[in-house]
Amino acid sequence: MSFTQPKEEKEIEEALVKDFQAGNPDAYDKIAELYQKKIYALSFNLVRNQMDAQDVTQEVLLTLFKKIHTFQGKSAFSSWVYRITLNASYMKLRSKKKEPNISIDELLPSFNSAGYQQEKIQDWSENSESLLFTNETREVINKAVGLLPEKEKVVFLLRDVEGLSTEKVSEVLDLTIPAVKSRLHRARLFLRKKLSGYFEEYSSQKGEA
Amino acid sequence: MICCKECIDLLYDYIEGSLDQNTSKSLEEHFEECPPCIAFLNTYKSTTTLCRDTLNQIEIPDEIRRTLQSFLQENRDQQEKK
Ligand SMILES: [Zn+2]
Numbered sequence: 193m194s195f196t197q198p199k200e201e202k203e204i205e206e207a208l209v210k211d212f213q214a215g216n217p218d219a220y221d222k223i224a225e226l227y228q229k230k231i232y233a234l235s236f237n238l239v240r241n242q243m244d245a246q247d248v249t250q251e252v253l254l255t256l257f258k259k260i261h262t263f264q265g266k267s268a269f270s271s272w273v274y275r276i277t278l279n280a281s282y283m284k285l286r287s288k289k290k291e292p293n294i295s296i297d298e299l300l301p302s303f304n305s306a307g308y309q310q311e312k313i314q315d316w317s318e319n320s321e322s323l324l325f326t327n328e329t330r331e332v333i334n335k336a337v338g339l340l341p342e343k344e345k346v347v348f349l350l351r352d353v354e355g356l357s358t359e360k361v362s363e364v365l366d367l368t369i370p371a372v373k374s375r376l377h378r379a380r381l382f383l384r385k386k387l388s389g390y391f392e393e394y395s396s397q398k399g400e401a
Numbered sequence: 004m005i006c007c008k009e010c011i012d013l014l015y016d017y018i019e020g021s022l023d024q025n026t027s028k029s030l031e032e033h034f035e036e037c038p039p040c041i042a043f044l045n046t047y048k049s050t051t052t053l054c055r056d057t058l059n060q061i062e063i064p065d066e067i068r069r070t071l072q073s074f075l076q077e078n079r080d081q082q083e084k085k
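Which chain is which? The protein sequence lines are A and B, in order.
Count along the first sequence starting at 1, add 192, and that's the number in the working numbering.
Count along the second sequence starting at 1, add 3, and that's the number in the working numbering.
Just so you know, these hints were derived from the structure itself, not from any lab.
Because the structure is a prediction, the values reported are computed rather than measured.
Be careful, since some hints might not be right.
[Said to hold, decoys possible] Quick partial rundown of chain A residues pointing at chain B, CB under 10 Å, derived from the structure:
id, residue
1, Tyr220
2, Ala224
3, Gln228
4, Phe236
5, Asn237
6, Gln246
7, Ser295
8, Asp297
9, Pro301
10, Gln314
11, Asp315
12, Val353
13, Asp366
14, Thr368
15, Lys386
[Claimed, not checked] Computed list of lysine-lysine pairs in DSS-like fashion (alpha-carbon distance at most 30 Å, straight line):
id, chain 1, residue 1, chain 2, residue 2
16, A, Lys373, B, Lys28
17, B, Lys48, A, Lys385
18, A, Lys199, A, Lys230
19, A, Lys335, B, Lys84
20, A, Lys343, A, Lys386
21, A, Lys229, A, Lys343
22, B, Lys84, A, Lys258
23, A, Lys229, B, Lys48
24, A, Lys266, A, Lys312
25, A, Lys312, B, Lys28
26, A, Lys202, A, Lys373
27, B, Lys84, A, Lys373
28, A, Lys385, B, Lys28
29, A, Lys312, A, Lys258
30, B, Lys48, A, Lys230
31, B, Lys8, A, Lys386
32, A, Lys385, B, Lys84
33, A, Lys210, A, Lys199
34, A, Lys312, B, Lys8
35, B, Lys48, A, Lys345
36, B, Lys84, A, Lys210
37, A, Lys345, A, Lys288
38, B, Lys84, A, Lys229
39, A, Lys335, B, Lys8
40, A, Lys343, B, Lys8
Glycine included, each C-beta is placed from N, C-alpha and C at the ideal position.
Could you put together the complete structure from these sequences and hints?
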């Protein structure tokens, strides 16, 4: 479910941006309508509360309005919007108390000297479907994502949650493609480990009952 | 034969389908002989799906949508006065 913008959609968007740059207010309304959900969702996943996500969304919409003349089309318009959203979300987070980040390395897989897995790996993938829509599972997932270090979290949100392509993420974050891949892989390993703790406990309880 | 560590380092590209044929083949050979790595692969994939499906559900609450709407309207009124 990768988000690749259809060509037609991209052309419509480019035309809207041009219209807006030329001073057509209706074009701005359409741009705001097109992007506000994406802006809100990404900022919500970073700041984790509705009021702050609303503040960020307003700020981003205002910035788009005020700064549209500085957009030169060197990167895609959507990349520009994502960048503004990330900056505004980080500003918001910085104004709050920060929870200490845990080290991602402790949660990466461990191997013996021959390179073989050291821990017992349970396959909980089969029963995870049925657990998906419980509030508890949702809570566990939100918490786990919340614990990701910022560098990995942002790559994970853009690529796996928003569905942007690897190339697009590298454009938005100004990272090389290998850097995007390695951060995403680390994020997935970290989350897998976190979710494993939860699902393994769940299935052992179910086994005992 | 490749070891588990190499196997897990290759997972990302394996899922993307971007490994060359030989590497892909040795990875699959490893899977055949290593149930823990299959479990790892399955749960690695599930993790992505579960997280995406959970975090994807975010909609703008109606109240906030209304606030944004009037915010945009105000902004527009201000511009038109100028
Ligand atoms: Zn293995």
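How the hints compare with the structure:
1. This hint holds: Tyr220 (chain A) has a C-beta 8 Å from the nearest C-beta of chain B, less than the 10 Å allowed.
2. Hint status for Ala224 (chain A) relative to chain B: holds, with the closest Cβ pair at about 6 Å, below 10 Å.
3. Here the hint on Gln228 (chain A) is kept, as its CB sits about 6 Å from the closest CB of chain B, short of 10 Å.
4. The beta carbon of Phe236 (chain A) is positioned within 10 Å of a beta carbon in chain B (closest approach about 5 Å), and the interface hint is therefore held.
5. Against a cut-off of 10 Å between C-beta atoms, the interface hint on Asn237 (chain A) holds, since the closest Cβ of chain B lies about 6 Å away.
6. For Gln246 (chain A), the suggested interface contact is upheld, since its CB lies about 5 Å from the closest CB of chain B, less than 10 Å.
7. Here the hint on Ser295 (chain A) is broken, as its CB sits about 19 Å from the closest CB of chain B, past 10 Å.
8. At about 14 Å, the closest approach between the beta carbon of Asp297 (chain A) and any beta carbon in chain B exceeds 10 Å, and the interface hint on this residue is violated.
9. Residue-level restraint check for Pro301 (chain A) holds (minimum Cβ-Cβ distance to chain B is 6 Å; threshold 10 Å).
10. Annotation: Gln314 (chain A) was flagged as interfacial toward chain B, and the flag holds, the nearest CB pair being 6 Å apart, inside 10 Å.
11. Here the hint on Asp315 (chain A) is kept, as its CB sits about 4 Å from the closest CB of chain B, short of 10 Å.
12. Annotation: Val353 (chain A) was flagged as interfacial toward chain B, and the flag holds, the nearest CB pair being 5 Å apart, inside 10 Å.
13. Proximity of Asp366 (chain A) to chain B is violated relative to the hint, the smallest CB-CB distance being about 21 Å (cut-off 10 Å).
14. A cut of 10 Å between beta carbons decides the hint on Thr368 (chain A): the least distance to chain B is about 15 Å, and the hint is violated.
15. A distance limit of 10 Å between C-beta atoms decides the matter here; for Lys386 (chain A) the minimum to chain B is near 9 Å, and the interface restraint holds.
16. Of the pairs offered as hints, the one joining Lys373 (chain A) and Lys28 (chain B) holds, with about 22 Å between alpha carbons and a cut-off of 30 Å not exceeded.
17. For a cut-off of 30 Å, the pair hint linking Lys48 (chain B) to Lys385 (chain A) stands: about 12 Å separates their Cα positions.
18. In summary, the hint linking Lys199 (chain A) to Lys230 (chain A) is supported, as the alpha carbons are separated by about 19 Å, within the 30 Å threshold.
19. With a CA separation close to 46 Å, the supplied pair Lys335 (chain A) and Lys84 (chain B) exceeds the 30 Å bound.
20. A C-alpha spacing of about 18 Å is found between Lys343 (chain A) and Lys386 (chain A), which places the hinted pair at or below 30 Å, so the restraint holds.
21. For the suggested pair Lys229 (chain A) and Lys343 (chain A), the alpha carbons sit about 23 Å apart, so the restraint of at most 30 Å is met.
22. The hinted pair formed by Lys84 (chain B) and Lys258 (chain A) meets the criterion: a straight-line CA distance of about 16 Å does not exceed 30 Å.
23. Taken as a hint, the Lys229 (chain A) and Lys48 (chain B) pair is honoured in the structure, with Cα atoms around 27 Å apart against an allowance of 30 Å.
24. At roughly 49 Å between alpha-carbon atoms, Lys266 (chain A) and Lys312 (chain A) are farther apart than 30 Å, so this suggested pair is violated.
25. A hinted pair counts as satisfied when its Cα atoms are at most 30 Å apart, and Lys312 (chain A) with Lys28 (chain B) qualifies at roughly 25 Å.
26. Note on Lys202 (chain A) and Lys373 (chain A): the hinted pairing holds, with a Cα-Cα distance of about 25 Å set against a maximum of 30 Å.
27. For the hint linking Lys84 (chain B) to Lys373 (chain A), the alpha-carbon distance of about 49 Å lies beyond 30 Å, and the restraint is violated.
28. Only pairs whose Cα atoms come within 30 Å are accepted, and Lys385 (chain A) paired with Lys28 (chain B) is accepted, the gap being roughly 26 Å.
29. Between Lys312 (chain A) and Lys258 (chain A) the alpha-carbon distance is near 55 Å, which puts this suggested pair outside the 30 Å criterion.
30. For the proposed pair Lys48 (chain B) and Lys230 (chain A), the alpha carbon gap of about 24 Å is at most 30 Å, so the pair holds.
31. Annotation: proposed proximity of Lys8 (chain B) to Lys386 (chain A) holds, straight-line Cα distance about 19 Å (limit 30 Å).
32. Taking the CA atoms of Lys385 (chain A) and Lys84 (chain B), the gap is about 56 Å. The hint is violated against a cut of 30 Å.
33. A C-alpha spacing of about 17 Å is found between Lys210 (chain A) and Lys199 (chain A), which places the hinted pair at or below 30 Å, so the restraint holds.
34. Taking the CA atoms of Lys312 (chain A) and Lys8 (chain B), the gap is near 14 Å; set against the 30 Å cutoff, the hint holds.
35. With a C-alpha separation of about 17 Å, the suggested pair Lys48 (chain B) and Lys345 (chain A) falls inside the 30 Å cut-off, and the hint holds.
36. Only pairs whose Cα atoms come within 30 Å are accepted, and Lys84 (chain B) paired with Lys210 (chain A) is accepted, the gap being roughly 23 Å.
37. In summary, the hint linking Lys345 (chain A) to Lys288 (chain A) is supported, as the alpha carbons are separated by about 18 Å, within the 30 Å threshold.
38. Between Lys84 (chain B) and Lys229 (chain A), the direct Cα distance comes to roughly 28 Å. Compliance with the 30 Å bound is thereby established for this hinted pair.
39. Only pairs whose Cα atoms come within 30 Å are accepted, and Lys335 (chain A) paired with Lys8 (chain B) is accepted, the gap being roughly 27 Å.
40. For a cut-off of 30 Å, the pair hint linking Lys343 (chain A) to Lys8 (chain B) stands: about 23 Å separates their Cα positions.
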